[in-house]
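Build out the structure end to end from the sequences listed, making use of the hints.
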Amino acid sequence: AQSVTQLDSQVPVFEEAPVELRCNYSSSVSVYLFWYVQYPNQGLQLLLKYLSGSTLVKGINGFEAEFNKSQTSFHLRKPSVHISDTAEYFCAVIFFGNEKLTFGTGTRLTIIP
Amino acid sequence: DTEVTQTPKHLVMGMTNKKSLKCEQHMGHRAMYWYKQKAKKPPELMFVYSYEKLSINESVPSRFSPECPNSSLLNLHLHALQPEDSALYLCASSQDRTANTEAFFGQGTRLTVV
Chain A
1 AQSVTQLDSQ
11 VPVFEEAPVE
21 LRCNYSSSVS
31 VYLFWYVQYP
41 NQGLQLLLKY
51 LSGSTLVKGI
61 NGFEAEFNKS
71 QTSFHLRKPS
81 VHISDTAEYF
91 CAVIFFGNEK
101 LTFGTGTRLT
111 IIP
Chain B
1 DTEVTQTPKH
11 LVMGMTNKKS
21 LKCEQHMGHR
31 AMYWYKQKAK
41 KPPELMFVYS
51 YEKLSINESV
61 PSRFSPECPN
71 SSLLNLHLHA
81 LQPEDSALYL
91 CASSQDRTAN
101 TEAFFGQGTR
111 LTVV
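Heads up: the protein sequence lines correspond to chains A and B, in order.
The first sequence begins at 1 in this note's numbering and counts up one residue at a time.
The second sequence begins at 1 in this note's numbering and counts up one residue at a time.
Keep in mind the hints are simulated off the structure, nothing from the lab.
One thing to keep in mind: the hints can contain errors.
In silico lysine-lysine, BS3-like type, Cα no more than 30 angstroms apart, as pairs [to be verified]:
{"#": "1", "chain 1": "B", "residue 1": "19", "chain 2": "A", "residue 2": "49"}
{"#": "2", "chain 1": "B", "residue 1": "53", "chain 2": "B", "residue 2": "36"}
{"#": "3", "chain 1": "B", "residue 1": "22", "chain 2": "A", "residue 2": "100"}
{"#": "4", "chain 1": "A", "residue 1": "69", "chain 2": "A", "residue 2": "100"}
{"#": "5", "chain 1": "A", "residue 1": "49", "chain 2": "B", "residue 2": "41"}
{"#": "6", "chain 1": "A", "residue 1": "58", "chain 2": "B", "residue 2": "40"}
{"#": "7", "chain 1": "B", "residue 1": "40", "chain 2": "A", "residue 2": "100"}
{"#": "8", "chain 1": "A", "residue 1": "49", "chain 2": "B", "residue 2": "40"}
{"#": "9", "chain 1": "B", "residue 1": "22", "chain 2": "A", "residue 2": "49"}
{"#": "10", "chain 1": "A", "residue 1": "69", "chain 2": "B", "residue 2": "40"}
{"#": "11", "chain 1": "A", "residue 1": "100", "chain 2": "B", "residue 2": "36"}
{"#": "12", "chain 1": "B", "residue 1": "36", "chain 2": "A", "residue 2": "58"}
{"#": "13", "chain 1": "B", "residue 1": "41", "chain 2": "A", "residue 2": "58"}
{"#": "14", "chain 1": "B", "residue 1": "53", "chain 2": "A", "residue 2": "100"}
Right, dumping it as structure tokens:
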């Protein structure tokens, strides 16, 4: 079965501390991977994407993610968070042959001053 | 211009009303999407248009009626909605429907059905 899982529904982090938001997927076919951010009362904004090539992907706002095929993961990281990073983060996957974005359930990142 | 513009931003409608949500993009994208998002949930796909033709309807009730008048515009016509239809409605577009193209999202329309 094809699925995407975000294990943590909420992640509180102190300001200037590092953060990792976890995303795992299940698939027997190739995948394309995305991280979106949603600020309160806003739409979704693409942070970064993995389509092919280097498994370490850098995105906007200092975020990066690493595609690990053997562990079927695409975890999002930032070395030092700011108050402005408070938002909902969605991992999304396109399974080859499906062409539809499948979203994880989201992780709410809360930055503690 | 990498924007997807949705209007209105907020909408309150009664269960007997007819209203429309509008979405516009000028990126030359040929695929456009409607999503519904309930509070604290991920977006759920409703409709996909590809080259102005409806290609996916995710079993959405007929009280939601999509329309794609041209390659830049996407409408969602609403009629006889229920309170449980209250949600954030998101429009998105992508270059086309191939799997390796990213989707750009609008800011959404916050719909309240009373």
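Results of checking the hints against the structure:
Between residue 19 of chain B and residue 49 of chain A the alpha-carbon distance is near 36 angstroms, which puts this suggested pair outside the 30 angstroms criterion. A hinted pair counts as satisfied when its Cα atoms are at most 30 angstroms apart, and residue 53 of chain B with residue 36 of chain B qualifies at roughly 20 angstroms. A threshold of 30 angstroms between alpha carbons decides the hint, and for residue 22 of chain B with residue 100 of chain A the separation of about 22 angstroms falls inside it, so the pair holds. Annotation: proposed proximity of residue 69 of chain A to residue 100 of chain A holds, straight-line Cα distance about 20 angstroms (limit 30 angstroms).
At most 30 angstroms may separate the alpha-carbon atoms for a hinted pair to count; residue 49 of chain A and residue 41 of chain B meet this at roughly 21 angstroms. For the hint pairing residue 58 of chain A with residue 40 of chain B, the CA-to-CA distance comes to about 27 angstroms; that is within 30 angstroms, so the pair holds. A C-alpha spacing of about 21 angstroms is found between residue 40 of chain B and residue 100 of chain A, which places the hinted pair at or below 30 angstroms, so the restraint holds. Between the alpha carbons of residue 49 of chain A and residue 40 of chain B the distance comes to roughly 23 angstroms, so the proposed pair stays at or under 30 angstroms and holds.
The straight-line distance between the Cα atoms of residue 22 of chain B and residue 49 of chain A is roughly 28 angstroms, inside the 30 angstroms bound, and the hint therefore holds. The hinted pair formed by residue 69 of chain A and residue 40 of chain B meets the criterion: a straight-line CA distance of about 29 angstroms does not exceed 30 angstroms. Distance hint between residue 100 of chain A and residue 36 of chain B is fulfilled; the C-alpha atoms sit about 15 angstroms from each other, no more than 30 angstroms. For the hint pairing residue 36 of chain B with residue 58 of chain A, the CA-to-CA distance comes to about 29 angstroms; that is within 30 angstroms, so the pair holds.
A distance of roughly 26 angstroms separates the Cα atoms of residue 41 of chain B and residue 58 of chain A; the hinted pair therefore holds under the 30 angstroms criterion. Restraint check for residue 53 of chain B and residue 100 of chain A: satisfied, since their Cα atoms lie roughly 16 angstroms apart, inside the 30 angstroms limit.
Checked against the numbered hints given earlier, the structure breaks only hint 1 and satisfies all the rest.
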